[in-house]
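Protein sequences appear in the order of chains A and B. If you use our numbering, the first sequence corresponds to residues 1 to 168, in order. If you use our numbering, the second sequence corresponds to residues 1 to 258, in order.
Think of the hints as simulated: they come from the structure by calculation, not from any bench. It cannot be assumed that every hint is accurate.
[Claimed, not checked] Partial selection, computed: residues in chain A whose CB lies under 8 Å from chain B:
#, residue
1, Y57
2, S58
3, G59
4, C60
5, A62
6, T64
7, L88
8, A89
9, A91
10, I141
11, F144
12, G145
13, Q154
14, P161
As the structure is a computational prediction, the values presented were derived from the model and not from experiment. Backbone N, C-alpha and C define an ideal beta-carbon position, used for all residues, glycine too.
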Amino acid sequence: MTGAALADPAALRDEVWRVAGAVTDPEIPVLSIADLGVLRDVRVADGRVEVLITPTYSGCPAMTMIALEIELALDKAGLGPVVVKTVLAPAWTTDFMSEDGRRKLKAYGIAPPAKTAGRRALFGVEVVDCPQCGSSDTAEIAPFGSTSCKSLWQCKACREPFDYFKCH
Amino acid sequence: MATTSITVRETPLVRYLLRRADDALILGHRLSEWCGHAPTMEEEMALANMGLDLLGQARSLYTYAAEVEGEGRTEDDFAYLRGERAYGNLLLVEQPNVDFARTMARQLFYSAFIDPYWRALMASPDATLSAIAAKAEKESAYHVRHCAEWLIRLGDGTAESHARAQAAVDGLWAFTGELFEADASEAGLIADGIVPDPDSLRAAWTATVSAVLAEATLKLPQAGWMQKGGRDGRHSEHLGPLLTELQYLQRTFPGATW
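From just these sequences and the hints, can you work out the full model?
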């Protein structure tokens with residue numbers, strides 16, 4: 001990337017998006033923040049670059065780490081310094097996750113979020129397919145898992161326990 | 001310069017934000033006290049996860065309060081540098097954990113209120129408030145479900161768990177009236193359509209709590225005298241010790257950073 005190309009705001013924005021978007025979630029390293037939908041926007045004005053990110057959950061402890069990783073990645077690519085801002089609206093939902101992200105998640109052994117879940121029902125039952133053998137004969141072991149965004153399940157067919165990325 | 005206490009420049013909106021943030025922070029802190037003591041490993045993670053959600057909600061509200069106040073403060077200043085009388089949380093959320101039944105009953109009383117409350121607040125013309133609410137309501141919906149399931153298991157469980165669950169419901173009941181209160185300061189925001197009237201959530205709250213208690217074979221206490229004062233900084237004896245622990249580091253070493 002040459003200095004002349006970077007002087008073009010549109011090209012600069014694309015390049016920042018590409019580099020920042022490749023930063024991975026520290027807790028689910030197979031997913032980039034672009035896959036997750038955590039990267040919301042890149043704004044370029046008067047040569048100043050702003051990267052907007054949104055948390056998956058209010059208390060997501062990975063946000064500080066992700067912001068730092070973005071600054072580092074852009075600095076390394078010669079695109080820094082940038083300002084990383086957290087935005088809350090529109091509120092993140094699992095629908096922000098890309099199809100590619102869902103595939104990567106499953107390949108990693110985490111069941112991707114269901115598209116339609118009975119979250120509103122007080123005692124709704126979700127059907128989650130086992131990411132290992134594909135069986136839908138699964139049961140929730142614990143509604144809260146190793147991170148805010150996951151719950152713990154077990155497959156009754158292949159007996160493997162697995163994480164489920166909660167529909168949110 | 002590092003200081004050990006602050007005086008907030010209050011406006012109705014700042015006061016409102018701090019009260020709601022205090023609810024989330026104090027309840028989240030109570031849940032965090034279970035770390036290392038929960039009845040099962042899964043519940044250890046559940047309590048910590050719910051506490052983390054509440055802490056995140058508190059952070060968003062404090063951060064917005066700092067922005068509205070315009071004195072250059074941060075979320076930490078509000079959390080660490082205000083005394084007990086400046087805290088405006090509900091008496092309900094500062095009540096001690098006692099046992100698992102008491103913790104779940106406290107969570108149900110709060111979550112059954114705050115869940116529809118956040119959804120109502122999403123309609124606020126204040127974009128930041130609406131965004132915070134949109135985020136929080138997804139989390140609170142999950143909390144309602146979790147503590148409802150537990151309360152049903154405890155109430156409809158053994159003689160011991162039933163007795164404890166009923167004692168928990170009865171013991172906390174007098175603190176539920178405050179959920180629906182709004183003082184003159186908040187009434188202005190309600191009249192302007194910025195925030196919902198908490199009293200408008202009474203029917204939704206009662207419906208959820210009644211349904212859960214019935215399923216749990218627990219008796220719904222009769223309406224009676226309700227204790228209030230938390231919103232005005234008049235707290236039970238339990239908040240002081242909690243804040244002592246929460247604020248110890250910043251009070252002892254002002255301005256300390258990791």
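So, going through the hints one by one against the coordinates:
Hint on Y57/A holds. Least Cβ distance to chain B is approximately 6 Å, under the 8 Å limit. Against a cut-off of 8 Å between C-beta atoms, the interface hint on S58/A holds, since the closest Cβ of chain B lies about 3 Å away. Look at G59/A: its Cβ gets to within about 3 Å of chain B, closer than 8 Å, so that hint holds up. Restraint check, C60/A versus chain B: the minimum CB separation of about 7 Å is within 8 Å; hint holds.
Look at A62/A: its Cβ only gets to about 11 Å from chain B, farther than 8 Å, so that hint breaks. With a least beta-carbon distance of about 11 Å to chain B, the hint placing T64/A at the interface is violated under the 8 Å criterion. At its closest, the beta carbon of L88/A sits 4 Å from a beta carbon of chain B; the interface hint therefore holds under the 8 Å criterion. A hinted interface residue such as A89/A counts as satisfied when its beta carbon comes closer than 8 Å to some beta carbon of chain B; here the least separation is about 3 Å, so the hint holds.
Interface hint at A91/A: satisfied, since its Cβ lies 4 Å from the closest Cβ of chain B, which is below the 8 Å cut-off. About 7 Å separates the beta-carbon of I141/A from the nearest beta-carbon of chain B, less than 8 Å, and the hint is met. Restraint check, F144/A versus chain B: the minimum CB separation of about 4 Å is within 8 Å; hint holds. Hint status for G145/A relative to chain B: holds, with the closest Cβ pair at about 7 Å, below 8 Å.
For Q154/A, the shortest C-beta to C-beta distance to chain B is roughly 12 Å, which exceeds 8 Å, and the interface hint is violated. Because the closest C-beta pair between P161/A and chain B is about 12 Å apart, greater than 8 Å, the hint is violated.
Consistency note: the structure conflicts with the earlier hints numbered 5, 6, 13, 14.
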